[in-house]
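Q: Make a model of the complete structure from these sequences and hints.
This is what each chain is made of:
Number of protein chains: 2
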Amino acid sequence: MDNRRIGLFDSGLGGLTVMKELMQLLPNESIVYFGDTGRIPYGTKSVDTVIKYTKSDINFLKTFDLKAIVTACGTASAIALPHLANQYDIPVMGVVAPAARAAARATKNGCIGVIGTNGTVRSDAYRKILEKENPAIQTVSVACPLFVPLVESGYAEKAATKMIAEEYLKPIIESGADTLILGCTHYPLLKKVIAEVMGEHVTLINPGVSTAYEVKEMLGEKGLLAEEPHKEQYRFYVSDDPSDFAKLGSLFLERSISGLAEQVDIEQYI
Amino acid sequence: MDNRRIGLFDSGLGGLTVMKELMQLLPNESIVYFGDTGRIPYGTKSVDTVIKYTKSDINFLKTFDLKAIVTACGTASAIALPHLANQYDIPVMGVVAPAARAAARATKNGCIGVIGTNGTVRSDAYRKILEKENPAIQTVSVACPLFVPLVESGYAEKAATKMIAEEYLKPIIESGADTLILGCTHYPLLKKVIAEVMGEHVTLINPGVSTAYEVKEMLGEKGLLAEEPHKEQYRFYVSDDPSDFAKLGSLFLERSISGLAEQVDIEQYI
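If you read the sequences in order, they're chains A and B.
In this text, residue positions in the first sequence follow the numbering used here: the first is 131, and each later residue adds one.
In this text, residue positions in the second sequence follow the numbering used here: the first is 131, and each later residue adds one.
Think of the hints as simulated: they come from the structure by calculation, not from any bench.
The structure presented is a predicted model; accordingly, all values stated were derived computationally and were not measured.
It is possible that some hints are incorrect.
It does not matter which identical chain is meant; a pair holds if it fits inside one copy or across any two.
As the list claims (entries may be wrong) - With a Cα cut of at most 27 Å, we get these calculated DSSO-like pairs of lysine-lysine:
1) K185 with K258
2) K192 with K182
3) K182 with K361
4) K321 with K150
5) K322 with K288
6) K150 with K192
A: Here it is in structure tokens:
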């Protein structure tokens, strides 16, 4: 047993969807969350910048006594983890590999769609892992850069969003994919419109869910599961104003975190 | 006469629309441009974070021998300049005051619309200056957070953009405004669809144009106009990958800046 905390980070508050899954699946675990709200988004930035920011996020989290770190951000998982994951003395997991494995298990016709930020799609990280899982799998990836601002602007249910989704998802529908990886933490919040556009026969993979299961499995295998939670079970840090974060974050988490978030000067953790 | 450079900065490359106006109006001036592409956008971030970033942008530019600094970013002009502009030994100008003055001159019915980022609209900076110009002026401000991602995703001419513009601009149309300030550097790139939605009788104010004229006026009054340009007349610095910037920036400027942009670690200029 190991009562140390799990560290979890994201470019902003989207990673709270992953945290919610972890909280449900592992109610004894204590978690410290960092959201890089001062430098969000990562999905439009260059490889070197995403690696630099991911390093500093991990360096900040490492100031706590942790047993594992989870990268909730799709872009950081896709771009930075291949360069960084093995450099630490504790496991550092991302969302890409668990989601790819879940998709490889789910597909029946061997054709998998991937949607994500520009950075995630450019990295080709999903295709590389899917090919390792099963070289016969066909992958079709499409960047959907407007999905994050549409979610953050409260446009999830609007007609314009459906119109944009129809255009983005066209190549994936045409490929015949029977499984679609929602490769960015915000995309599960567009699940309804994406499911409408893709049709009922397509399985949507939420990387947050797949990752939470693999975290549980990994902790179990290594004998690292927690016996009981810390007094302050959940801690939240952000690099921009914590009150804005707490307001929106309570929606993402479906529980109030008002007053629990603190600000950190992330640029110091180089 | 004063041959020192003008410093110009923006949260990203949108400020190049302001630089283009300056280059046309003042062909003898030498300009150094900084785009904070590693921390873009500013429009969704908190007041304190925008002030912090604006300070570091100015601190970096001050490493050059400058005679004036222009804040091309609408959000930094609206939020940070009221706190910072008087702290420097050279003039630091923003886009808000010149655009507000141009709008006050243009309006016939005294009703002016303002569109900008969340940060700009929350700051109420335009209304404050318009009231000083003429207390009888009515101001209607609307945040249009999707306009920047729509421009950056190449959606300026799409049907979804028109649908979103119709929704955003509705309160301004209903107010009867005869003048509309495009209060963010990206918005002039949506001029066509905004003009279609607003109708022909509404005057659109491009803050870049108004600012370039006021810069020329200010330099003339203070005897600071340049006699001849430096050998390297235009220099470009960014905080993310300079090659991405140069590609898109050449479109914004309508001239190639390929190979001219350099990267700077802006987080060091605190």
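Q: Hints numbered earlier in the text: which of these fail when held up against the supplied structure?
A: 3
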